[in-house]
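Number of protein chains: 2
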Amino acid sequence: MPLPNAALAELKNLLGDRLSFAEGVRADHAGDESASPPAPPDAVAFPDSTEEVSQVAKICSTHRVPMIPYGIGSAVEGGIVATLGGLCLDLSRMNRICEIHRDDLDAVVEAGVTHVDLNGQLAGSNLFFSVDPGAAATIGGMAATRASGSNAFRYGTMRENVLSLEVVLADGRIIQTARRARKSAAGYDLTRLFVGSEGTLGIITGVTVRLHRVPEALSSAVCPFPDVAAAVNTVIETIQAGIPLARMELLDEVALDAVNRYSDLDYELKPTLFLEFQGTPHGVVEQSQRVGDIAAAHGGLDFQWATDAVERDKLWQARHDAYHAILQLRPGSRSVTTDVCVPVSRLADCILATQEDLKSCSLPCPLLGHVGDGNFHVLFLVDPKQPQEISEAEHFNRRMVERALDMEGTCSGEHGVGLGKRDFLKTEYGPAWELMRAIKTTFDPHNLMNPGKVFRD
Amino acid sequence: MPLPNAALAELKNLLGDRLSFAEGVRADHAGDESASPPAPPDAVAFPDSTEEVSQVAKICSTHRVPMIPYGIGSAVEGGIVATLGGLCLDLSRMNRICEIHRDDLDAVVEAGVTHVDLNGQLAGSNLFFSVDPGAAATIGGMAATRASGSNAFRYGTMRENVLSLEVVLADGRIIQTARRARKSAAGYDLTRLFVGSEGTLGIITGVTVRLHRVPEALSSAVCPFPDVAAAVNTVIETIQAGIPLARMELLDEVALDAVNRYSDLDYELKPTLFLEFQGTPHGVVEQSQRVGDIAAAHGGLDFQWATDAVERDKLWQARHDAYHAILQLRPGSRSVTTDVCVPVSRLADCILATQEDLKSCSLPCPLLGHVGDGNFHVLFLVDPKQPQEISEAEHFNRRMVERALDMEGTCSGEHGVGLGKRDFLKTEYGPAWELMRAIKTTFDPHNLMNPGKVFRD
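Those sequence lines, one after another, are chains U and V.
Residues 1 to 457 (the working numbering) are what the first sequence spells out, left to right.
Residues 1 to 457 (the working numbering) are what the second sequence spells out, left to right.
Simulated from the structure, these hints should not be mistaken for laboratory data.
Don't take every hint at face value.
[Said to hold, decoys possible] Residues from chain U that keep clear of chain V, each with C-beta distances beyond 12 angstroms, as calculated: (1) Pro2; (2) Val25; (3) Pro40; (4) Ser49; (5) His212; (6) His324; (7) Pro364; (8) Phe396; (9) Leu405; (10) Gly452.
[Claimed, not checked] Under the rule of at most 30 angstroms between Cα atoms (straight-line distance), these lysine-lysine pairs were calculated in the DSSO-like manner: (11) V/Lys426 to U/Lys426; (12) V/Lys58 to U/Lys58; (13) V/Lys426 to U/Lys440; (14) V/Lys58 to U/Lys426.
The C-beta atom is built at its ideal place from N, Cα and C for all residues, glycine as well.
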């Protein structure tokens, strides 16, 4: 579906040299981090303002041109692949931090601001923005995919951390989904409807996010376990005990090996929990002692506790870099990344059954996860030029999703649907899926907003 | 719009003596706690199961009969008044607590279970359900109105505490909005769309809620202040300091006088904060000392701290009973209850301007609020037989809402829209309001689901 000439002329007139047809630029916007085959848009727009996005939407709507919002391309389900061509709206120029309200613990940013930018701006204050999906993603993209990451256990996902959104609808209307008050019982929750809608209902151009206070004290711990069940049972008992951990991350032996090599560490190759405690100086001591006791009762092998900032930062940087570390296990590979989430009580069963299943997999497939939330990933390292490897990864992914759905879980804990999870939604939601489709049709009757994502056409 | 004979026959056949036309029963379901003129439904159904609600919806949909879901009638915006007649679905027989998952900290209940029932069932365990709007409301009704209350500052509103909903749609389809996993990035957030939809999109028949661990230690404090600004600034600084209070409630002199009389207490008649601390035994001491210091710096007059359970329960029972205490200030009166919520940084300004405005009000009008959230209420005590008193209350309410909207606030922090707030939604949301209407039309094309609520017809 190439751009009609009339649309082209209007877009050129509006954007000048901020509309690009260069092959390199189009190729840069053709795909994300996933193994989904890339497909370039017909052109890439670099709007400067919400008003401009609105003008672009009006033009595209009039001429029935698909619109694909683009943050930084770090997602992993093919959500920005231009399968039908059309116009990519790269929002990277909309990177202004508009307002920081210290008394209200919130900030208003344009969609192209990354969480790294925002936290850079907040450095030295006593506030921070908590959501960090690993990559240096834009806050608009994170809202669109309902991102979370390792801090979500304590601070919530984007669902809990977005107060309001500015959105451009298919026809160019600009809406603000909510006021800046922390709570409201007035009308339908449009904010949460757009959070996680992956550009299929409108283009998020502005985000009001919650900020949190930097805790007084931080400490971390690492603990290897004889097996995954022991690690997960430690997590369950810690949650049960109401200990307010900030992060609870599990890495299996293969993932830990990758992290050791990439970050020059020497953790013992066992299923291992990375933990973070936050609170008052006294509180973190209290927490870590209690979790140490729980870990020991479950056979934890060596609970290493650290308050030293350098050591702690090294640990979390290593966890943060795990994705790239894992890719290095097989240079030149891409990752088919799975993302199931189940109730925590089912997590050990789900991981153990998955590990059993993976014994017959020929690909490197490390496992790691945000186990406090019941969310874990297996990264299948595939040669993107070998279709049978992608098929093999997809085969095991499908079995993982089916297993998670059988355990009251979801096909995606944090990555979104994109192209990769569309076929699971109907099973996951049953008749509620039809309601989602009806919403899509209401908001986007001509199927122009990131078409083909979330739903098959 | 009386019930058509054909519908009547089918409903009788389905429900037998669980379909009532008795004038007393209809009158009991004609209104809520608000001063909105009651209007009885044509009949009241007492379904036993989701399947039965679905059958009722099919019959009503076929014969175009309005459906009004009813929990316990404790709401305050006229949300269950049968302005167009039709069938009231009283869900009180659907009061089964279906599942409690201790490892996952969640519970699955039928819509007619009250939060009091659920916490009764949990008594003696280390878990509790946190949302308490004051009245012994049903969890289905609380989900429908996005209820909150004094615990919301720490534990969130129904928005944060509902994991999934079972809903019967207008045409009788039964859907489950989400899996029981704690987080998901798969598809549109139907759960949050139904939370706060006030029966206008479907009938909530089942709710999966989050549970929280009972804290190890609890303590409370009461502190009078020379003026409201000093109290609110104490709240802001406490939030800023990241002190994890459980509750922060403000009562003005009139509200405190009512509470003193009703609950046999003798607090000094000054703007007063009621505070609750939760955590470890050491943590609550630490918190209360720090808040005591902040209060003192803002002119707090006498920070009284209590760990004694009897004293603490008496305090919070008194706060809990404030609504009834206030009604006793004028026996026979009803309350027109306002419910604005603004960013906390604007709260002192908003309350002070409101108090200034209320100097010309002839009605008793105590003020109290969940100030940690920026949410406060003025209760205008009116003689329901005196229309000019209701008009006077509505006049001041309108001015309060306009003031809140000017301060980036919302017309309802926790009570919902019902009949009372419909005319403010358009101003609050601008073009986003049209999107809400479009969702309503998509879900309920014949306008049968609690018609006239949230939107004027």
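Hints violated by the structure (listed by number, smallest first): 5, 9, 11 and 12
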